[in-house]
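Put chain W on the given structure of chain V with help from the hints.
Chains as they are written, first to last, in numbering that gives the first Met the number 0: chain V, 0 to 416; chain W, 0 to 416.
Simulated from the structure, these hints should not be mistaken for laboratory data. Small disclaimer: the values here were computed from a predicted structure and weren't measured. Check each hint, because a few of them may be wrong.
Chain copies aren't distinguished; within one or between two, either way the pair holds.
[Stated by the list, open to error] Lysine-lysine pairs mimicking DSSO-like chemistry, simulated, CA-CA at most 30 Å apart:
1. K315 x K183
2. K361 x K101
3. K109 x K79
4. K33 x K288
There are 2 protein chains.
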Amino acid sequence: MARTVKPSGPSFYDPTMTRYSLVPRKEIKRRISKLQEALRSNGIEASFWIQKIDIFYLTGTLQRSYLFVPAKGEPIHLIKKDFKRGVRESGIELKVPIRSRKEIPPLIRKHYGKLPKTLGLETDVLPVQEWRMMENLFEGCRLVDASSLLLNLRSVKSPYELGIMARAGRVGQQVYEHGRRILKEGMTEIAFAGEMMAKAFALGHEGLLRMRSLNDESYCWHILSGKSGGIVSYINAPMGGLGLSPAFPVGASMKPIQRHEPIMVDFGICLQGYQIDETRMFCIGSLPKRYLDLYHSIVRVQHAILDATRPGIRGKDLFEVGLEVAEREGISDIYLGPPDNKVSFVGHGIGLEINDPPFIAKRDETPLKEGMTFALEPKLVLEGEAAIGIEDTVVVTRDGIRRLTPLRQTIFHASLK
Amino acid sequence: MARTVKPSGPSFYDPTMTRYSLVPRKEIKRRISKLQEALRSNGIEASFWIQKIDIFYLTGTLQRSYLFVPAKGEPIHLIKKDFKRGVRESGIELKVPIRSRKEIPPLIRKHYGKLPKTLGLETDVLPVQEWRMMENLFEGCRLVDASSLLLNLRSVKSPYELGIMARAGRVGQQVYEHGRRILKEGMTEIAFAGEMMAKAFALGHEGLLRMRSLNDESYCWHILSGKSGGIVSYINAPMGGLGLSPAFPVGASMKPIQRHEPIMVDFGICLQGYQIDETRMFCIGSLPKRYLDLYHSIVRVQHAILDATRPGIRGKDLFEVGLEVAEREGISDIYLGPPDNKVSFVGHGIGLEINDPPFIAKRDETPLKEGMTFALEPKLVLEGEAAIGIEDTVVVTRDGIRRLTPLRQTIFHASLK
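Chain V with its partners taken away, still in its complex shape (with noise of 0.2 Å):
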């Protein structure tokens, strides 16, 4: 029965009515079989998977669903909520109807033959209540993490995923432009925000951010000016801004925007899931002399970095290549955080969420492959004073990089009247 359902109802890919693509199947194909392989390289006999960015990488729907992938055989996508549209949306060939949880065991049983032995499930992310419900369900089976294979897999991106990420580059590249026109003195940081939000939204940017976290949540408008710059807080970044209360006590604040301090605009854009993150200097006027500086200096260390990197090399190579430049330039004080507070990382892999693997960090050891795409975002911060980056998405290549960010590297100069 289920291969054969014929989504009725309304045709809302009408393709006169909107833009709204589908993953192409031959991706999903391709992504069900490389899971597949680590799955039998680690010795799982199936995984299950609940977490809504993980069912969309898989599937193609981030309609409500499970999906069931076995080491060996074929997957089966149980859809709960839109059955219609998840049908319409999946790549899997094997769409089941499901209505609760109690179902899944018998609809594994018919379509796959039994229950597993050893079951893969998202540990990291999966709640106690959700993880008991799941012990109950599948008595008798060994559940195990399967998240850090799927991450892995995740990591590397395919030429279709890297132009989608492309495309969002283009997006932010018009955000950019247009902010640079449209910044005025004393427009408070948090109405710039809107200005740009309001610009990106036009160009099809999908609004949220997402992170894989229970206490992290992702956000475009990281939008600090002057002392703004100087505020560190709960987020894991060299500095996170004031905010706009103790409930958001980061990014883009009420705080007026002045003339000659410098601004930093750090906004990611999101398209068919896919994320970019970049990071320019602002400035209203001309920018002194010594933020000028330290501003060519951070460009220094990300070109470094830049330079190094190839397949191969680890994250904590890179790292370290970034302290050594950051030593020679005479800002290590000041180098992602303040003394007491830095952090420990200059770069995180993005793409359907934003701390995917990989990380340029202190203590990353992941040799990096081709096709693996980061963020790299070295960092200053004067305390109590203001904040000085750059930040651009790259992709691995053969040989070395190619920026997904085409944003021109320079201060953003707004006018003065």
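Then chain W, alone, in the frame of chain V:
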């Protein structure tokens, strides 16, 4: 030592720089004391809080930290990052720096005298990996759920909290009136959302709406014009809209808005962490009579439910009132979703998270209390055609309700030229 910490560094609460108001100490004292009562009456010796919204509610800061609250005795606020900022913002008296989880048991032993026999944790949100760490750290303690206790406390708002929500309501009013003025034929839904977002940001909206869930995420740009309103998606709502891609398949899309279409604008606002939610119908030019009739019907459903609301009544009773009026109005088949895809709630609690209790839902047995807040959103879905609805946020008073969203109850007509 902990008590004598004098935060140094920049005075980022400088009132000449920005607005940024702290949660009053007596508010925190009251919350802690209510939690301690609840722990005692449930026989739980102590509770340990990790999730950021719970931490914010109980301490007044979102800085990275843990909170230990015994049923009797002094709470201990273990602050990780940023320590100085956490010390300034937290309303807990005993503030202790912590670097790693390993220090949790010795610090509790030091300040509480021992480890508790029973410890309440957030089982609904804590990932299983985190839970296992807690099992190791608190070996020998019985770990139980404490989330439900706190969610119940959170559902009843103080005058301070209601004041913030009412301010959020007034911000929403300005954002909707602005939307009516700038809406033009041919704008895409998402571009219109961006213009409302820019206005909301300028007025201090915090941009993200928070939701307590692994797989749900909240966004405020739920703007569905014409056919978009007739599309169901994965979210627990009568309609989802098309969205921008299968990776963000809800809310505003790239569809251009046309004249005479019913346009559903459901745009929540967040101030100081507190949210209000509201929906109005917009139209460019005149709305065809058929839709206008449906709008009047759904307004009558909302009024009937609000008229019946008072302390003591249960969510399921109010849900039943809605069903009865929908029946009388002859709209049962399209009420709360298409015939085969209806939701079983018509309202949701709201405050720091958008899926807070109480629920005005088919199965909610909890009697309402004075001070509870909820968003009431009866909606109609004409599958493949449009959505019609209304939504307001209210607080339960001694003898009825008070609206926290002062927006006029009318169709918001934008000009045709």
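Tell me, in ascending order, the numbers of any earlier hints that this structure violates.
1 and 4
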